[in-house]
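Residue strings, one per chain:
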Amino acid sequence: MTDPVDQLAAMPPPLAPALGKDLEAVLGNLTPVRTRRPLRHLLVLGALSLFYGAVLVVVLATRRDMRELPMGWLAGVALGWLFGFLVPSYFALVPRAGTMNPRWQVAAIAAVVAAVGFVSLGLAVHPMGPSSENYGVDRFGHGHTCLEIGLATALMPVVIGAVFLRGALPVGSRWIAAALGAGGGCLGGLVLHLHCRVADGLHVGLIHGGVVVIAALLSAAIVPRTVRQGSG
Amino acid sequence: MAYTAVGCMADAKDLMGRYCDGEANAFRELYALVSPRLYGYLVKMARSRPVADDLLQQTFMKVHRARTAYIRGADPVPWIYSIAHRTFLDEARRTKRAVVRVGDEDALLEIAADLEGQTVDRRDDGADPELVQAALDALASLPAQQREAVVLTKLEGKSVAEAAEIAGTTVGAMKVRAHRGYEALRNLLGKTPKTEPKTAAGGRQ
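Which chain is which? The protein sequence lines are L and U, in order.
Quick note: the first sequence, position 65, residue 65 per the numbering used here, numbers continuous.
Quick note: the second sequence, position 28, residue 28 per the numbering used here, numbers continuous.
A portion of the hints provided could be inaccurate.
[What the hints assert, rightly or not] Between beta-carbon pairs, the in silico distance windows are:
#1 172/U / 21/L: 40 to 48 angstroms
#2 176/U / 31/L: 39 to 47 angstroms
#3 10/L / 65/U: 29 to 37 angstroms
#4 51/L / 18/U: 32 to 40 angstroms
#5 96/L / 22/U: 46 to 54 angstroms
#6 20/L / 21/U: 19 to 27 angstroms
No lab work stands behind these hints, which were simulated from the structure alone.
Note that beta-carbon positions come from the ideal geometry of N, C-alpha and C, so glycine has one too.
Bound-form chain U, shown alone (with noise of 0.2 angstroms):
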């Protein structure tokens, strides 16, 4: 995968400056730059992927409205992220969603995508889909807070600063999250069998 913080920063730059001179083409191709990955952190952390699909098209509706705010020459991923992560939190205030079934209806694990939006064949990674939805099953169980640590720092590749500035929190507290989130997750993959769909709580936001 061609990912790369540096690449994907420079160009997140260029795409945004040029969609805020009104260049439409910029905007579609900043949304397929960065989608995926934030498609990716939304599904992990709405644990429904209908309820991500909504929160990434508010998250971009709110980049657009605030697009004035954009200083140029400045990275507009982590700022994109904190309005996701915003428009998460929101969210679950609104419907106050306690619990989340986490089964086969919502399955998480499903056809994964290049940064171009080109389908991949995960099956080509050597990743044991049973071991996946086992992780992933053990993730959506955390506290949302602790979720949200681990997947920005374990699974999205955060530094534990850029994690904090997303979510708007110091560093020592993003790391005592990520620690206890990463913790309990070995725990629980420990434990439990490794497919048995189980009932999510969401935590305190």
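Chain L with its partners taken away, still in its complex shape (with noise of 0.2 angstroms):
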């Protein structure tokens, strides 16, 4: 064997140094600890999140013009953002069976297909029924409210996921932050979607979809120093 790298390759480990005294000390308080279940804390974000968003719906009160839309449109676009909500927080929440570290590749695929894919949808396809309303170009900063709403249900989830990855997540918090944010800007295009009469393009995909967009972003400038805390 003549090649360096080889030869350095076929090395034994070197002699590693013993445990330092801060660890010792605090292997002298060892305490038994819950450990992380990823499919159980999918379940209780889900469960409470949706809680939190059925609550808000029942206070801002369902949108007006519900029985003039199409009930397959309705329905079709409701389950999209109930999937674009589960999805994403799946990828973020549970990594792949006999793993610790996240999936974050494909989390970061789920974030940015939910990001893309309300926007284009809401821009595409927005029936209008005689009760709907239309802010159209002139009026689209009026959807401010619609924006705080979303986001505001948004923060439910994320804050949720940030509390169960904390020391989770030593790399890939970025993108695991920005699919718990575009699950949880979902979950608030939700319940815009069963609140808001706005019906045009403009307002249903820049600010409802738009919701998705801005909670992935902010989520994944905060969140990461939040879930690194401990292992990061």
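With the hints in hand, could you dock these two chains into one complex?
Written as structure tokens, this is what we have:
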């Protein structure tokens, strides 16, 4: 074996230092801990967030034009938002079986697909009824209330997810956070879908869909600091 | 050497689980099991034994703080490596160590240990110390990302997928880094004298 790299590779590992004083000290007070259960955490996140979303819809009231809109579209889009909430949340919280590191690449794809998909869908398909409102370009800025409602809704799953993932993400935390945010944004989109009667394409696409984009970006900017605590 | 990925993984899972149940000795065993390889990785990345010593302790302190994030039945070793990777990056950014002298004082070539922490006489392996030192010097001159890719895939025996998981990058990016790093290493070893210490510039993290 004359290749230096092969010789280096064949060398046994070096003698590691003994456990440090700090580590020995913490081992003196070691107590049992509850470990992470990703599927249970997903269930808790889903249940609490959906309950919170349902309360918001009840408090804010359902949209006046609901009965005038095609039921297939209404139910289909609601299912889409629900799917958009659950899928990125699943990839953010649940690693592959037998592993601990996050599936940040799949979570990233889910976040991007949700963000682009719901903006495009809202711009392209937005049926209106007689009671629907049309803000158009002139009153586009009035849609900020929807943005606020959507982001307030997204806060719940993002906070719960960040708590569950604390210390779990030494790598890939930004994309995982973005996926959590996108999932939360989709829950916000679902609440708006059931509450907001403004049905023009710009509002539905850029405001309702925009909630997903903004929630993902905000989450990616803020959450990694929290979830890296301990491990990062 | 009796190190096998499967055997190590099975033991590490069990030890991590017992450690989370409050068994301090399980943590000590886990440390004894993982630290030699991890230390080797950190020494090659940090290019300094004292820094690697500190990074190793920091890594295991973080493992301790984040132990509630463990998923029972999962292999904790890649996660621990990822924590070590992140700890190294944070340390490199913190100190902004642009240039590191690799020479006699900080010689990386030292007595090796087996997985139980027992020293191993590496002269028994038939390794030429000059060649090994030349490889270490060449390795030290690579940009950090390429160095990490070579260390993980070539020296630590990780698959490209495992290395990508540890470094938090894609398999494609890891392949490119490993390939470029290995090519650069071969070029350097083909050109430079074997034993001459050289100044190594740290690359982008």
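Hint by hint, here is what the structure shows:
no.	hint	in the structure
1	172/U / 21/L: 40 to 48 angstroms	holds (43 angstroms)
2	176/U / 31/L: 39 to 47 angstroms	holds (45 angstroms)
3	10/L / 65/U: 29 to 37 angstroms	holds (35 angstroms)
4	51/L / 18/U: 32 to 40 angstroms	holds (37 angstroms)
5	96/L / 22/U: 46 to 54 angstroms	violated (28 angstroms)
6	20/L / 21/U: 19 to 27 angstroms	holds (23 angstroms)
Of the hints listed earlier, the one the structure fails to meet is number 5.
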